[in-house]
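Chain residues, written in single-letter form:
There are 2 protein chains.
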Amino acid sequence: MPNPTAAILIIGDEILSGRTRDANMYHLAGELTRVGIDLREVRVVPDDHDAIVAALNALRATHDHVFTSGGIGPTHDDITADAVAAAFGVGIDVRGDARGILEALFARKGIELTETQLRMARIPDGATLIVNDVSGAPGFSIGNVHVMAGVPGIFRAMVAVLLPTLRGGTPRVSRERRIEIGEGRIAPQLAAIAAEFPGVSVGSYPFSENGVHGTNVVVRGTDSLAVEAALSRLDEQFPLSAS
Amino acid sequence: MPNPTAAILIIGDEILSGRTRDANMYHLAGELTRVGIDLREVRVVPDDHDAIVAALNALRATHDHVFTSGGIGPTHDDITADAVAAAFGVGIDVRGDARGILEALFARKGIELTETQLRMARIPDGATLIVNDVSGAPGFSIGNVHVMAGVPGIFRAMVAVLLPTLRGGTPRVSRERRIEIGEGRIAPQLAAIAAEFPGVSVGSYPFSENGVHGTNVVVRGTDSLAVEAALSRLDEQFPLSAS
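Line order of the protein sequences matches chains A and B.
Residue numbers for the first sequence follow the working numbering, beginning at 1 and rising by one.
Residue numbers for the second sequence follow the working numbering, beginning at 1 and rising by one.
These are computed hints drawn from the structure, not numbers from a lab.
For clarity, every value in this text was computed on a predicted model and none was experimentally measured.
Worth double-checking, as some hints may not be accurate.
Put simply, identical chains are the same to the list, so a pair is met inside one copy or across any two.
Listed next, the in silico EDC-like pairs over lysine to aspartate or glutamate satisfying Cα-Cα at most 20 angstroms (straight line) [what the hints assert, rightly or not]:
1) LYS109 - ASP97
2) LYS109 - GLU209
3) LYS109 - GLU180
4) LYS109 - ASP133
Generate the whole structure from the sequences, applying the supplied hints.
Next up, the structure:
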């Protein structure tokens, strides 16, 4: 069975304006690789209803899972939940279970839950909650779309709760060699290895450090024997690179 | 005249696998904001011909500019230039001016230019070169698509050369206040300010530091007077936050 595929949709003006450097894509990309879900695409869109709906509908039609980040807080610019409901054509309202979670949280803190904060209990019809212990306000899954917070600490907590509930695949094994030869001079050998092991991807990433122009070569695939065989071929070609 | 719009297309398996944390999107997003080009969308796709062509054609049809990062080196996994040519339906081959740049560079270094490295002189018909002094290998612009390297130092050098050649717009002014009150408790005031100043975007980003739950409020817009007026209203509501 092939690995499940996934896309990430990052929602937020602050990423597009360059104010904030994304951390969530990087975190989730690594976690998905670990559990054998193949991340195929990432999109970043602004806090704009139509843009979110269009991206959601494009991505959920073409990937097994879509993970979103951002826009589920209590303020006027938090419009993700409504956009998700619109994309699925379902209603949305404050829901009892989500409200209960917020009420319990605020009671523990000894502060009043306002009408505004109740916005965080607005859940599209048919969704299941993604609880988190960091902020208390839940994310949710509906169909193949998983809606999570943008604040990195909360996003990570939600990912940690969500991922074990999804069917994983065969984790992609990744092995790396640092070769102190410029990319252009080892390209023929890399192409030959890639051709010999078609199920293995051979990536090359040039670096320049202290006057040394070299190449980090990454050999990746779900068949660990094939990855090791390709790595052996690489080490035969460039013996000094074996670590 | 409205600001030009833009999209960024990041090409590379290493971003989607979580091996590499993107730096180029973050850098270019800030630079575009500075010159008044509105970044509306970012996509990340793998080193896959069809995925690159499809994303390029979708983005170049809907934005004034598309900036790409990655996949223009000499190795077998560098397929961006060919994908761009395919997206535009034009031919691609080693071109004299690009070849001349590489030959001069390699002559200066006293090393031989191989057939493989000549791949970096493959330029789609009708494109203009984006020179860079870091690696020597040029990027290129064709139509409204600007094709640049993935290595961050080279990408930055190309952005620095390219951006001054593009028509900019009205830079978006951004002012920020740190308010030590949770987002949920200031949401009504923020919504009122956003409603009073429709040309201004009011973003709120919760933080949690040393036990303080607060909110960074970002007021942005191209009309600096409106931004200052909105900021004044914010400072009236939350006097302690004025810096």
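Open item on the list: Hints numbered earlier in the text: which of these fail when held up against the supplied structure?
Closed with: Failing hints: none at all.
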